[in-house]
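Trainee: Put the two chains together into one complex; each comes in its own frame, and the hints tell you how they fit.
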Amino acid sequence: MKRREFIRAAVPAAVIPSLIGGFTFKAFGASSWLSALTAAQVETDHVLVLIQLNGGNDGLNTVIPIDQYSNLFNARSNIIIPQNKILKLSKTSETGLHPSLTGLQSLYEEGKLNIIQSVGYPSPNFSHFRATDIWLTASDSNQVLNSGWIGRYLNEEYPNFSVGYPNATMPDPLAIQIGSVVSPALQGPGLNMGMAISDPNNFYNLINGIQDSAPNTPSGKELTYIRQVAQQTQQYASVIKSAASKVTQQNPYPTGNSLADQLKIVSRLIAGGLKTRIYMVSIGGFDTHANQVNATQTETGTHAVLLKRVSDAIKAFMDDLRFQNVSKRVMGMTFSEFGRRVKSNASGGTDHGAAAPMFVFGDGVQSGITGNNPTINTVVNVNDNLPMQYDFRSVYASILQNWFCVPTTTLNNVMLKDFQQLNLIKSAYSCNSTNTSNPNLSAGKKLISNYPNPFVDSTNIEIKTQGGHTLLQVFDVQGRMIITLLDSVIAAGIHIVRFENQGWGPGIYYARLQNGSVQQVCTMLIVR
Amino acid sequence: MDRRTLLFGTAKATPTKEVSQRTNSGLAPYTGPFTNADLVHLLKRTLFGVKQSDLNAFKNQSLDQVLSVLLSPAALPSPPINTYNDNSYTDPNVPAGQTWVNAPYTDGTANSRRYNSFKAWWTGLLINQGRSITEKMVLFWHNHFATETADVGDARYVYKHHLLLRNHALGNFKAFVKDVTIDPAMLRYLNGYLNTKAAPDENYSRELQELFTLGKGPNSNYTEADVKAAARVLTGYRVDATTISSSFDANRHDTTNKQFSSFYNNTLIIGKTGAAGAGETDELINMLFLQNELALHICRKLYRFFVYYDIDAAAEAEVIVPLANLFRQNNYEIKPVLLALFRSEHFFDVLNRACMIKSPIDFVINLCREFNIIFPNSTTDSVNAYLMWDYIRSQASNMQQNLGDPPNVAGWPAYYQEPQFYEIWINSDTLPKRNQFSDRFIGTGYSRNSRTIVIDPVAFAAQCTKPEDPNVLINESLSLIYTISVSQQLKDFLKSILLSGQSSDSYWTTAWSDHKNSPHNSSAKAIVTGRLQSFYKYLMNLAEYQLI
Chain A
154 MKRREFIRAA VPAAVIPSLI GGFTFKAFGA SSWLSALTAA QVETDHVLVL
204 IQLNGGNDGL NTVIPIDQYS NLFNARSNII IPQNKILKLS KTSETGLHPS
254 LTGLQSLYEE GKLNIIQSVG YPSPNFSHFR ATDIWLTASD SNQVLNSGWI
304 GRYLNEEYPN FSVGYPNATM PDPLAIQIGS VVSPALQGPG LNMGMAISDP
354 NNFYNLINGI QDSAPNTPSG KELTYIRQVA QQTQQYASVI KSAASKVTQQ
404 NPYPTGNSLA DQLKIVSRLI AGGLKTRIYM VSIGGFDTHA NQVNATQTET
454 GTHAVLLKRV SDAIKAFMDD LRFQNVSKRV MGMTFSEFGR RVKSNASGGT
504 DHGAAAPMFV FGDGVQSGIT GNNPTINTVV NVNDNLPMQY DFRSVYASIL
554 QNWFCVPTTT LNNVMLKDFQ QLNLIKSAYS CNSTNTSNPN LSAGKKLISN
604 YPNPFVDSTN IEIKTQGGHT LLQVFDVQGR MIITLLDSVI AAGIHIVRFE
654 NQGWGPGIYY ARLQNGSVQQ VCTMLIVR
Chain B
3 MDRRTLLFGT AKATPTKEVS QRTNSGLAPY TGPFTNADLV HLLKRTLFGV
53 KQSDLNAFKN QSLDQVLSVL LSPAALPSPP INTYNDNSYT DPNVPAGQTW
103 VNAPYTDGTA NSRRYNSFKA WWTGLLINQG RSITEKMVLF WHNHFATETA
153 DVGDARYVYK HHLLLRNHAL GNFKAFVKDV TIDPAMLRYL NGYLNTKAAP
203 DENYSRELQE LFTLGKGPNS NYTEADVKAA ARVLTGYRVD ATTISSSFDA
253 NRHDTTNKQF SSFYNNTLII GKTGAAGAGE TDELINMLFL QNELALHICR
303 KLYRFFVYYD IDAAAEAEVI VPLANLFRQN NYEIKPVLLA LFRSEHFFDV
353 LNRACMIKSP IDFVINLCRE FNIIFPNSTT DSVNAYLMWD YIRSQASNMQ
403 QNLGDPPNVA GWPAYYQEPQ FYEIWINSDT LPKRNQFSDR FIGTGYSRNS
453 RTIVIDPVAF AAQCTKPEDP NVLINESLSL IYTISVSQQL KDFLKSILLS
503 GQSSDSYWTT AWSDHKNSPH NSSAKAIVTG RLQSFYKYLM NLAEYQLI
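Protein chains in written order, with our numbering: chain A, 154 to 681; chain B, 3 to 550.
I should point out that these hints are in silico values taken from the structure, not numbers from a laboratory.
It should be emphasised that the depicted structure is a prediction, and the values quoted were computed from it without experimental measurement.
Backbone N, C-alpha and C fix where the C-beta goes; we use that ideal spot for every residue, glycine too.
Do not rely on the hints blindly, as some may be mistaken.
Pairwise CB distance ranges (calculated) [as the list claims (entries may be wrong)]:
hint: 1; chain 1: A; residue 1: LYS244; chain 2: B; residue 2: GLY276; range: 56 to 64 Å
hint: 2; chain 1: B; residue 1: ASN374; chain 2: A; residue 2: SER391; range: 54 to 62 Å
hint: 3; chain 1: B; residue 1: LEU165; chain 2: A; residue 2: PHE476; range: 48 to 56 Å
hint: 4; chain 1: B; residue 1: ALA243; chain 2: A; residue 2: GLY437; range: 21 to 29 Å
Examples of chain B residues lying across from chain A (beta carbon under 10 Å, computed) [claimed, not checked]:
hint: 5; residue: ASP56
hint: 6; residue: LEU57
hint: 7; residue: THR198
hint: 8; residue: VAL352
hint: 9; residue: ILE486
hint: 10; residue: LEU492
Simulated crosslink set (DSSO-like; lysine-lysine; CA at most 30 Å straight-line) [stated by the list, open to error]:
hint: 11; chain 1: A; residue 1: LYS399; chain 2: B; residue 2: LYS435
hint: 12; chain 1: B; residue 1: LYS303; chain 2: A; residue 2: LYS374
hint: 13; chain 1: B; residue 1: LYS180; chain 2: B; residue 2: LYS303
hint: 14; chain 1: A; residue 1: LYS374; chain 2: B; residue 2: LYS497
hint: 15; chain 1: B; residue 1: LYS539; chain 2: A; residue 2: LYS374
hint: 16; chain 1: B; residue 1: LYS53; chain 2: A; residue 2: LYS579
hint: 17; chain 1: A; residue 1: LYS428; chain 2: B; residue 2: LYS303
hint: 18; chain 1: B; residue 1: LYS435; chain 2: A; residue 2: LYS374
hint: 19; chain 1: B; residue 1: LYS435; chain 2: A; residue 2: LYS394
hint: 20; chain 1: A; residue 1: LYS374; chain 2: B; residue 2: LYS180
Next comes chain B alone, as it looks inside the complex (with noise of 0.2 Å):
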């Protein structure tokens, strides 16, 4: 063992685990047909729920037609307004229904109140997303440049930070980092507007290494020195609180050489006076772009986030390498890399298939999307607009994923943590909870001044080509709502709950035409939507409702 080994190695084992089946397959291009079950599969993980709509819409295209609309950003939404006036409290600085996000911070009842609209706002954009991948991007940002808004400690500075995710969605991501790192939501939830040459702070240092860049994979092996030079290099940003930006303090600045270890080629930073001590975080930028482990690191989390959280030696070696290969060779642009993996024959691969754990957000706005909910109109009742977003924001915080406020700066363990990754999600608190939200929408649903969010079974069921035929109906049903294929004898059961018990077609075929025939008579009503209500609860209290 040499030296340094001895003081700052860490044999980084291969985790040997029990895995069922994996693939070989790569990143050449999906040449099988494009199949129904195919783009609901593309859909699934790029969007948050399939709505029969978009299967409509996409119809008879190709795997490339579809690449290009979901690859295509997202506009950018309007900022969130003040719906948070009540009786108890007037934000002074903001009308009801105008934005705050360039208002004066007024004091913590508004900055709090700020915060849950802008949670509100974003759950309102993932419900109300189109067809481009941009807010499942915008997750992954966030996931990855993980922030805490009590941290971040002033809501305008988090709107801000957001939009930084949102605009560099699908971009580059060299320019990405750099925008990240004089962010002035990050430089104080990371202590860098604190970084000054009297005493250092590493915390950020630290995190851009073993987080946002490099991360801890077998060759990263930048050192403790390291992270403590890279500190002083990036000493003297400070924020304006009033104009929410940041900005170059040279007075602060540590002016002395940074050396760098032998993983950075013994790199040298030379300490640089005045306003020239800011260039110094482009070469540690550019510095940290050189490494090999950077564009790995970051193919390793799309993966995990968009495929599956096993990277076995073949998916290492036949999609990660050529995927981090691509990645560099497009300058870190983003986009090639995700048209890559998404029209590959390993990501359309069987065993990439259902093989995904909804995380809390995929599975609340899933339902909400996929089962049509309608919401209070957002311009003419926002106030309840608002308030119904925040409800299914919080009841994802219940079942452990709260959007905006990720447990710490390494994001969600499901995405990181082994052996046990999206498992984490499941337990026997949150399982439940998810049970008990579904039951909840296919039943009476949620009411607050009254206004009501529910599942209409019948409307759902009526998008099918043939309803009245519980074969039909449970074969689309379940295609839309599955990705995984569910056996006959599940089937005859799931037509069981239709037809409650009886072993002929006709009498759910009677029922739900007698509904047609007559919308307006309500006990025909309720002998289809009872069981429909009932299908629908089982399918998703089944485990298979929670993979994609």
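Looking at chain A on its own, in the form it has when it is part of the complex (with noise of 0.2 Å):
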């Protein structure tokens, strides 16, 4: 079957022109297996894979606004990387890459690379373990969610697994873990989707007897659950094991590495044959709160050698993928339960942050630069934080509704809500060729402007939307939501929206406008 060849299980052949119009594709008959229960709603090879950075992403060494450079040498002086050694990027002069990054800038110029700026979510948290239940789970800052993103997606896919799995249409896990524990993110509304490996070559052989009913006591619930993960490796045992041993050669890969070592045997099974659409790897060690760089050249130390293990795995493993004639299949993308403070402590490091860059890769990924340098004030306090650009979970759902191909009322199920639509995948690959607006396209436009500015009581917020959906909402310094003006479809146009004070203090406030696929942050500055 051909990469695009897709179809929607339930749908007669007939209707599914009107659709997906415009692309070729196969159309099955309404074949019994295709009405099984345990076929998949949306038929794709797509591959997913994330790739998690523990411990929270100092985003501003990482992807650097070289245009605010002055800024953010006063806000972090004893950290910052000097001028001079920041990696350019081609067709900007004003965002560069951290020295350690020559993996991720090749792949920028390769058109394979979309660099995401300042990446959150409103009212950010601090947390690590609260913080990554949120990018996991993706839910909001005050909601409590026990299912993951891509466990709901997957049970949206495959609403009655694990009954009736493996089988003929889906013979391989559902998602695949690097690793000896399965993420939350892979926790489905009742069971997890995913299985954990640690090395394809290596499964064990369970022994299968008889086994008594489990008592309905939470007793026999544990043994249920152990009984089922038993069963479970056995099943996946074989296929696992023969996809991994169909693949007998690999592109080189940097040794000492576990992020490449893990991302090998994730390019393996992908070109083994698998049918697994997620995976999960991780890499540990960016809680740089201290000695985050060497003080006497800051270009080297902790951090940078931790982002040159992620840009040296990531770039081995797009290789490996295109000698394995699979790259077409796959995209990754790189996440971080939050950035850093924007001012570095006296320690050498950095403390909890908030919003920060994404890394969005592959052969089908719209290459180039998602928004716009973050803006460092003149005046940096401890406290201050990023706002928001791009809430992660636009992210999320462009991937799953471009990427995957999900509908826009499953989408509804597995995010939850609405989300603003990213253009992250380029046409040739994305689900939906109508997405056509280039987020690129507003840049060096101003979208969103205030008067008087600064203020005491209140200000208009001036705004021009090319109509359709227009949210516009207010930010802090330490990156909380403290009010939504206006969430409403409008007319294009200019429009003025009056944003009183009900008390705030006096500092500097983010207006943030999201219209489409496009949005603009302008700086306010409350006096007294």
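Mentor: Structure, rendered in structure tokens:
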């Protein structure tokens, strides 16, 4: 089957062209296996690899806003990367990369990397554990969810899992975690949809004998769980071994790099023919409160080593995927539970922060930089954080919709509400060819401004919208959303929205406009 | 929504989960007859595994008699020693066989070998534990006040921190928190020694509130500003790498006033200059211990470590709340809380039996202890004793629990991560590793330097009252190894293993007698050994074996 060949199993073949007009596709008749409850809702051979950077990656030393350099220098002179060491990117002189990120730089130049600026969510949490849960479950800041976003997606795709699995149409694990602990991201509403493996060659044959029925007690619940894992281990051991054994040669990977080791297994399983759509890998150590850099040579040190591992591993992975001839099927994404504080501390490190960039990579990824450089203020206080430009759930939702062809109604069940669509997938690879608006088009145009500024009691925020859904939010300097001024469908043109100071103290505030896939932030100052 | 909730609030929805039956029983004393099954349940939860000799020692004792033994602290062990010199390395500061805990740092190689020495030593203490809850409590506190060796950076700090856990294991929690706050290892682990007035580091302040004392329960509403204020209170501590001690440096202390939120009744800690600045730490701890949430948080953690992870409304009302009251009434003494929990009808409720999945440490240590695996003598053959202990430790580590190195400051996710909790221990990677471990020890064992640690299944079976009767052997083995009862159908299947598929019990009886009568006849021994190995291997491969 070709990459494009996907179908909605529940929809009669004749209807499909109107749903996916413009694409070549091969429709299957309504055969019995299609209507089987165990078939996937959407056929696709696309794969997503999630790379978790545990600890909170310092975004401002990863993707560096060169046009803000002097203010950034004031805020973090003891850890800032020397300007002449910053890696340059073509088509922009304003944004550069940490010198360790040569692999990502070359992916960018090859047109396979998208850098999404200042990704976060309203009212960020600064606890590792809670923030990680927020990212993995895709919840609001003040909402507790017991399922992960990937788990919910897979639950929609394979609604009866694990009853009747594996089967002829889905003989393989739904999601694979490289390592020994399955991520909460893969937790479905009922069951965990993932399986953990650390070495595909070393599966152990569990015994299969008679067993007692499990009583309806907590003990019985745990007994049932352990038995299910035992069963799955057996069921999938052979397909994983067989996929791994099909790949006898791989492009070289860096050694002494745990992320590269993990991605090497992922490439092998993809190339070996597993139909698994989701892989999760992770690398830790990003909680750089102290000694983030070598004081005498700030482009080296702990953070530089970590970033080099990430960048080298991703580059080797992409090269290997191309060597295996599967690179068109695969995209990847990095994420971390938060960025770090704008202002550094005296221990040569940074405390927990808020918004930070994400990397999205793959042959099918729309290359470029999504969003603008964050603005660094002249005076940065110890608690100041970057305002978010994009909600991380916009990234998830865009990938689900355009890479995995998840229909809108299903998407709402997974993401639990509407999120802004971002243009992350090249149109030739995207499920939705109508998605043509380019966020880069608005670069250089001022879409939001306010007057008077500074102000005491109120100010007028002027926005230019292309019409349709328009969102206007105000954040304080620590990233907390303090008010939503507009959240509705309005006509195209210029609108003025009044922002009344309801008792907020003097300081910097950010107004964020979101209109379709476009967003912009303007800085406002409340004075006494 | 008020402004504070708007800005800081976290709506804490109570997760609704499909749960099997739970119980309404509470802290009223357990009044049922104290049976062998009750004793096994109590010992499996409070020790690491139960030996036949433990059951024999407690035979015919009342619950209160057993508890008074279990809740008595174990004596302090002698410290770990240098068994790590070898052909390629000699620690110039520590003679072989002498302890390194008071020696100079030496170098990175010595330090990394001392980490292993420390961990092996601790594993040895677990394997050789007596009949006290001490070892389980030390692990509980290690999970609670979690630290990681590499981040602490020096094995001597790690050892000293461990002694702190051991000394306070059954003591007073408030004194414990104070000592942990100024413990040199903790000061290094959470950057407390870098927390100065010029550049406050919030790391310890946050975890002190979020993890160590108040937790994130539904009514724990301290604010980000409180985290920052507490960080400023705690500015000024330093550590001394020669004496492995901490001190307060007034010059680095933030002497401004610290204002706390309404959650703390708007407490104002007045900034103090000079040595008095250290007194602010006591004020901070006093403030934390005035909060109701603190006792609730600790009691919930104890519950999840000793009873079950699911705290439903009934468990909260009937167990957690009264335990927390008791904790406060007893000025945060730990022992009265444990005593009340372990003599309660809730603890012995049938619905709380066999519902805990063994942690990896439980798994490996229980197996060593229950099957009486004999290790090299720790006095006369200490090098090999440490090597074997290290092997056992490394196996638990491969199953995702590395003694001395929890994944982060929150401890192991099995004790806090909703909704899976203990189930996190078991997945398609770790379950096969558990089976491999038990298969190895019931089989050929592990050999190194011509020493072997292995299960002797014949010796184990011989502890039983009538080993020649396969029905008695099966029942008594199950009642020691499992906490869950099994069906007659499964017992029949187990017997078919001992009988090699034959139908008459006499085949086993004859085989056993042949061996007893001619203990040096190797073929007679092989017959019973092979069958017993298959039998115990099967028992340990079933899901039931993962439960205590």
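Trainee: Against this structure, judge whether each hint is valid.
Mentor: The hints, checked one at a time:
Evaluation of the 56 to 64 Å hint for A:LYS244 and B:GLY276 yields a pass: the beta carbon distance comes to about 59 Å. Roughly 38 Å separates the CB atoms of B:ASN374 and A:SER391, a value that falls outside the hinted 54 to 62 Å. Range check, B:LEU165 to A:PHE476: about 54 Å between beta-carbon atoms, so the 48 to 56 Å window is met. For B:ALA243 and A:GLY437, the hinted distance range of 21 to 29 Å is satisfied, since their beta carbons lie about 26 Å from each other.
About 22 Å separates the beta-carbon of B:ASP56 from the nearest beta-carbon of chain A, more than 10 Å, and the hint is not met. Because the smallest distance between the Cβ of B:LEU57 and any Cβ of chain A comes to about 21 Å, over 10 Å, the interface hint for this residue is violated. At about 7 Å, the closest approach between the beta carbon of B:THR198 and any beta carbon in chain A falls short of 10 Å, and the interface hint on this residue holds. Given the 10 Å rule on beta carbons, the hint for B:VAL352 holds: about 8 Å separates it from the nearest Cβ of chain A.
Interface hint status for B:ILE486: upheld, as the beta-carbon distance to the closest one in chain A is roughly 6 Å, under 10 Å. The interface hint given for B:LEU492 is met, as the beta carbon of that residue sits about 5 Å from the closest beta carbon of chain A, less than 10 Å. Between A:LYS399 and B:LYS435 the alpha-carbon distance is near 25 Å, which keeps this suggested pair within the 30 Å criterion. For the hint pairing B:LYS303 with A:LYS374, the CA-to-CA distance comes to about 21 Å; that is within 30 Å, so the pair holds.
Simply put, B:LYS180 and B:LYS303 have alpha-carbon atoms about 19 Å apart, close enough for the 30 Å limit, and the pair holds. Among the hinted pairs, A:LYS374 with B:LYS497 is consistent with the structure: their alpha-carbon atoms are about 27 Å apart, no more than 30 Å. Taking the CA atoms of B:LYS539 and A:LYS374, the gap is near 23 Å; set against the 30 Å cutoff, the hint holds. Taking the CA atoms of B:LYS53 and A:LYS579, the gap is near 65 Å; set against the 30 Å cutoff, the hint is violated.
Between A:LYS428 and B:LYS303, the direct Cα distance comes to roughly 41 Å. Violation of the 30 Å bound is thereby established for this hinted pair. With a C-alpha separation of about 22 Å, the suggested pair B:LYS435 and A:LYS374 falls inside the 30 Å cut-off, and the hint holds. For the suggested pair B:LYS435 and A:LYS394, the alpha carbons sit about 17 Å apart, so the restraint of at most 30 Å is met. Between A:LYS374 and B:LYS180 the alpha-carbon distance is near 40 Å, which puts this suggested pair outside the 30 Å criterion.
Of the hints listed earlier, those the structure fails to meet are numbers 2, 5, 6, 16, 17, 20, in rising order.
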